[in-house]
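Input sequences plus hints: build the corresponding full structure.
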Amino acid sequence: MNWWQRLGKKKQLEGRLDTELRFHFDHQVADNIRAGMSEEEARRKARLEFGSMDAVKEECRSAWGTIWLESTLQDIRLALRTLRKSSAFTFAATCTLTLGIGANTAIFQLLDAVRLRSLPVPNPQELARIQIRNGNGGFFLSLDDYAVSYPLWEEIRAHQQAFSGMFAWASQWLRLGEGAQARRASALVVSGEIFSTLQVPPVAGRLFRREDDQPGCAAPGVVLSYGFWQSNFGGQHTAIGSRMVVNDVSLEVIGVAPATFSGVEVGKNFDLAVPICALSVLHRGDRSFQRLDYSWLIVMGRLKPGWTLAQASDHLSAISPGLFEATVPTGYAAASLERYKKFRLEAISARNGVSSLREQYDAPLWLLLGITGLVLLIACANLTNLILARASARQREFAVRLALGASRGRLIRQSLCESLLLASTGAALGLVLAGALSKSILYFLSTEGDPLYLELTTDCRMLAFTATVGTLACVILGLAPALRSSHIEPGAAIKAGGRGLTTAREGFSFQRLLVVVQISVSLVLVVGALLFVRSFRNLMTVDLGFREKGILLAFFDMSRLRLPTGQIKTFKRELLDDIRSIPQVQAAATTTNVLIGGGMFSHGIRAGAVDDWSRFAWVSPGYLETLQIPLLAGRDFNPGDTETSPKVALVNQTFVRRFFANTNPIGKTFRTSPEPDYPETEYQIIGVIKDTKYFNLRGENPAMSYAPASQDAATWPSSVMYMRSSVPLGPLAAAIRRSLGESHPQMGMQFRAFQTHIEEGLIRERLMAALSGFFGALAALLATIGLYGVMAYMMVRRRNEIGIRMALGASRPQIVGLVMKEAALLLVIGVATGFAGSLVFARTAAKLLFGLTARDPLTFLAAAVLLAAAAALGSYLPAQRASRLDPVTALRDE
Amino acid sequence: MNPPKSDLPQGTLDLLILKVATLGPIHGYAIAQRLQQISRDALQVQQGSLYPALHRLENKGFLAAEWKESETGREAKFYRLTAKGRRQLRAETDNWQRLSDAVGLVLQLAEGESS
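Top line first, the protein sequences correspond to chains A and B.
Reminder that position 128 of the first sequence reads as 128 in this note's numbering, one-by-one numbering, no gaps.
Reminder that position 84 of the second sequence reads as 1084 in this note's numbering, one-by-one numbering, no gaps.
If you are wondering where the hints come from, they were derived from the structure by calculation, not from laboratory data.
Positions of the beta carbon are idealized from the N, C-alpha and C atoms, including for glycine.
Misleading hints may appear alongside valid ones.
[Said to hold, decoys possible] In silico DSSO-like cross-links for lysine-lysine, where the CA-CA straight-line distance does not exceed 27 Å:
hint, chain 1, residue 1, chain 2, residue 2
1, B, K1019, A, K57
2, B, K1060, A, K11
3, A, K647, A, K668
4, B, K1084, A, K9
5, A, K668, A, K690
6, B, K1019, A, K9
7, A, K304, B, K1060
[To be verified] If you only want the chain A side, here are some residues facing chain B, beta carbon under 7 Å, derived:
hint, residue
8, E20
9, F23
10, F50
11, N800
12, A862
Written out as structure tokens, the structure reads:
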């Protein structure tokens, strides 16, 4: 029989053991009687010879080798019984641990998905991203500081020797289908080598090869993502060879990528992939993707065997001068071109893919993990305090059991058993909670304009994390009470009821240390929480400098109207007049740049001796009125500012500060530096407007200048319009779409509420701030409660001492004063160390704060006051209560 | 007056039990009786300690047990030596022999010197 079989047949085994021993005993008695003894004597002798029946049985049981398991089961049963008896405590502890472990696991899961997971391709450690060292600083036209232009990519591919394969890619929205059924599809624009370099095999059909991406490809194919194939073709193999309309061009489906492949950008998915050469077909012969000054491709490669990243970087750096020399754009100022020629390439690891998410969320997620970790830590510490308080009530029980012969190891095991049960329940429930929590965080982070796609699976890393956190919680919970119970001196404990004066001294200084630690940790948490909560409040209430409510944002695409270039401006002006004539529209204006999250456009600017840059946009008259941006001096644009009239501009306060040292700029001029579509131009400043936020909420407001739309040198067949209205925007948009759809059926139209647009641009920042603030506040609250608890507990343990002091003649105020003086000392030490910790913490978090500095004195002061109040209350109330007791009761009372 | 009794050296009880069990299936009481008879009451075996030893040997697979009717008609647990137990007995016996020879030798020598 194995031990588990024995365990299952415990009853039967016990019965047989009993029979066996009884058989022996009865025979012995019978033999003794036969030898001439009286029955009574025979029994007595047999018992003497046999020894203690129970001891023999116990030894036999231990010979079975199941005793350890049985006693463990006993411990678990006992722990369950104890926990059931104090159901309120158990409930609170389980909830706390579930929430704590769940939150930690959820944040870890996000962090893991964003940060730690390797790309699901063979040998991801060989993958590298090739980029300009330190970025290009938004040089010329850049989609991304680290992107490269198409000609540069071709140069790199032709001259590098470090990589066995290379590819370039970018993502783009394409229009799928025709007419009213048209919808957006997210597309990967890729070079032909992408799949062979990543070693991704097709699920159906074939994937791109180098031949599919030759300049001027007339009939490019399209590769579908697995998800798109499933949802649009039902996963049918007939999809291969069928045709689909993308941007009004019919393309052949040549293959399907595997389900594991969602592109190389973390957090993104794609519907279909097209080769780079297809862009000129898809965009009506537009070859701007080949421009020398347009950086939009992300280049990656697979290292040749034996090459390291450092070697590849050195190699790329060495060949850089030739590459950049060969791709110098034309039409720019000489200084810019010199800077361009000095760029150097480098290779960085792309094992985990590329991710803008990572840059955006790396620090916040680690910080969030830190905060949730602290929440759990504090929650555990509070629970430990509760358990300790319970344990001292049970000290007599432990003492009795020790005296009866229980081993100390057994007692430790029993108290660990309780915390193990709590921690494992918390971990199991926390794991369930984490799945829901991380999914909902992801859901809130995803916006219509920028959907997020993260594979949130419960993998072994996550399980390992949860297990580690759970074990940690168990150890924190169980260790102190276990050590406590093992230190009991049975005699003293039974006599003194666990409150003995003899042990008070040693326990007391430990407790004081605990209080100091708790105060300083709490202070760090409260400071952190206050900083985050105040940042969140600042983010929610920040003054953008312009109106966001009641404004409809409209995007008009006139490319299919095929207007001659000369007529585009007239068409736009008439369109604006049409919109303005709608009675519900109070004001309307066009712009070339949507504020907050709508992209960035800058011009190099020279004014007098100052050579710098400014954000730049072309707007129609009425722009200031529509967005209600205050005009501080000078005049607004008016219909008199035409293509042929003198070039004029509006600038903001920062512009005036930067270029004119805050002197009156009206009537002064500045020049823009030349760019291919925008020749060098001299503008005269006609007005100054108030600063507004531009791309995001962080940082200083940039210098900003506006020129009239009529004087824009470039004429794109598209228009962005702001419309202000007091009626609901949804029906208004529908009405405009209807009436314009009749007069210009070919025109593409999109409408969004400006406020939604802004909120989506800020939602991630706001959510991260909200989460940090929430968990921070939770940690602070728990810490404060915990501090109160520790102080109060310390006082309760000193009740005896207070009784003695009073019996010896101390007055009530003297007692309270004594206690408060001590509390104050502990508080001062704790706050001092806490401030030091807070400064370190605040410096780490400084980048995430908004609208206040990391050393915000008010925050530090408020945190100290809050904790002082908690500590004072925690010592004053119990001291007051103790001093009101009759000394005799206090002394006699357990 | 009973002859003087000696306590069993550590670990020898197992050896004795295995030896007695070579006689065939035998229950615990009979083993105790045999031990006393064979040693002519010279060995003091606390009868209770026999059973943990039996269970331990059974757990190790040296003894096998079955329940059957005893000579008195009551159900009893009978132990018999397994093949593994037989090997163990042989090894233990050799061990014991070597030890007792060595001890005897030392004692003889010491006696010779002192006389």
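Hint-by-hint comparison with the structure:
{"no.": "1", "hint": "B:K1019 to A:K57", "result": "holds (24 Å)"}
{"no.": "2", "hint": "B:K1060 to A:K11", "result": "holds (22 Å)"}
{"no.": "3", "hint": "A:K647 to A:K668", "result": "holds (12 Å)"}
{"no.": "4", "hint": "B:K1084 to A:K9", "result": "holds (25 Å)"}
{"no.": "5", "hint": "A:K668 to A:K690", "result": "holds (18 Å)"}
{"no.": "6", "hint": "B:K1019 to A:K9", "result": "violated (30 Å)"}
{"no.": "7", "hint": "A:K304 to B:K1060", "result": "violated (60 Å)"}
{"no.": "8", "hint": "E20", "result": "holds (5 Å)"}
{"no.": "9", "hint": "F23", "result": "holds (5 Å)"}
{"no.": "10", "hint": "F50", "result": "holds (5 Å)"}
{"no.": "11", "hint": "N800", "result": "violated (49 Å)"}
{"no.": "12", "hint": "A862", "result": "violated (68 Å)"}
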